[in-house]
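Chains as they are written, first to last, in the working numbering: chain D, 885 to 1219; chain P, 28 to 277.
Just so you know, the hints here were simulated from the structure itself, not pulled from any lab data.
All values reported here derive from a predicted model rather than from experimental measurement.
Note that beta-carbon positions come from the ideal geometry of N, C-alpha and C, so glycine has one too.
One or more hints might be untrue.
[As the list claims (entries may be wrong)] Computed footprint of chain D on chain P, listed as stretches where at least three residues anywhere in the stretch have a Cβ under 8 Å from a Cβ of chain D: (1) 33 to 40; (2) 129 to 135; (3) 173 to 187.
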Amino acid sequence: MIAKLARRGAVWLGALALVMLALPLVVTSNFALDICIRVLLFSFIGVAWNLMGGYAKQLSLGHAAYFGLGAYTSTILLIDYDVSPWIGMLAGGVVAALASLPIGALCFRLRGPYFAIATIATAQVLMLLFLKFRDFAWGAEGTTMPNLGDAPLMMQFDGKAPYYYIVLALLALGLAVTWRIERSWVGYYLVAIGEDEDAAEAVGVNAARIKRDIYMISAFLTALAGTFYVQYIYFIDPNTAFSFNVSVEAALVSIVGGIGTLWGPVLGTVLLETTSALLQSWLGSARGGVQLTIYSLILMAVILWRPTGLIGLFTDAWRRIVPAAAKRERASADG
Amino acid sequence: MAEALVVTNLSKRFGGLRAVQGLSFSVREGETVALIGPNGAGKTTSFHLITGFHRADAGSVKAFGRELVGLRPHQICAHGLARTFQVARPFGTMTVEANVMTGAFLRDRRPEVARERAREAIEFVGLAAKAMSPARDLTTIDQRRLEMARALATQPRLLLLDEVMAGLNPAEIDQAVALVGKLAARGLTIVVVEHVMRAIMAVARHIVVLDHGQKIAEGNPNEVVANPEVIRAYLGTGYVHAPAAGAAPC
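Turn these sequences into a full structure, and let the hints guide you.
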């Protein structure tokens, strides 16, 4: 029974992968492809955030710190040392993972909202450092990437399609890591910590170590997104790289989609980003701020009526439409 | 028989309050010992000190030959001491099975092995019918069962049960007493904090009585309930122990 379910899952996943791979062949408009790339990028950041913020419920609002460190590491390596951003991307991930150690050591002393506030501060401090130390990294002006034309080895391409495939691969990596963790003992430990840290300690969970490790993984993945983003827009400055928006989006897409679930952040991003893009194109020119107001109303509605995220809505609907699916699930659970 | 737990001169202050002062007692392997006393006597604090949730100001806790003061709760659990909480603390969104698997992962990281161990523990406490229910949907007694199963899944040598009978009705108390008896029969060493005298008389071979953070008496149940100091501090002068049906022979 489980094997059968797994096969069905694999079929769905394969179909989805095919659609995603074929998409740039069908969607040729640069505008539409740009939206797709942003959706995939924020899905990926959401997935990275969700590992710690969703499963272990450590609500970080400072993931821009790692996004920015990834972006700056690869850019400094590229411009000052001629190192390919492909290598810079990994280096950025390592820098972010290492930076998460002292940041985590400080912030994990706090719990709940205090933790969230402390993480905001860490991202802001990093932004200020990069703003003030002009000699080190161009200060507030930022810099543009050297345009090398079509240079795949330097992560620069003519069209948008290659960027699409890179960020799709990143998202696939993030989902694979999450899937692997969710099914292992680490996944159980993360959820246990999120539910009740003391009770988790009482059954032998080394909460401090697990939180440290998952924070490192989350920071590493977020940094990859940072490198990708500045390579994609050919520009970096502290306000872009350490933007508070990145921190908020990372949390928001997961919360709207459903925290602590594999597909929650993806679902959340698809809904939020497309809504925001569509509202922008319909209403953006009508009256300033109208689209933002409607966007905020939608957000409030979701948080009020679906505090556990939209993914629950979908699974409930699925169960209602296909009662057999629920029965199968129970059967597989018992068998 | 060897000593499972030796508590020596244990003390803890919270500001001006001496929660536990100079507490000493020991538990032999395979024995069931009860800590009793009025509210605020320091029973739960003692549990917190033994299991590492509070750090002792002075004194020592040795379990199976190893000093526990200074260790973190997860290390103490790994050393073979598992506890339950006075107010049950299940991982609410997880299923009963996932809750217990979380305990089982301490000894084996493989999910299929942990699931097997969890099933055994759930079966043992009589929760098998609810293995796939979310833990937050359980009734009080089932939450207590879950806590015991989760603790059992860590394969402890010493089990510390903090008021597992609180909030249960008389029929449920009988079930819980039977369950503790079953655990003891497995050879587990058990320390219980309890208020329900009927249950204590049934399960404990040895009773330690606390009042204002100090030990005021200890001994076998019949000695303790006859002790005038214990009657004054805790049981009340009207207390007469009726040997309940099903009470363990002491």
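Here is how each hint holds up against the structure:
no. : hint       : in the structure
1   : 33 to 40   : violated (count 0)
2   : 129 to 135 : holds (count 4)
3   : 173 to 187 : holds (count 4)
The structure fails hint 1 only (numbered hints given earlier).
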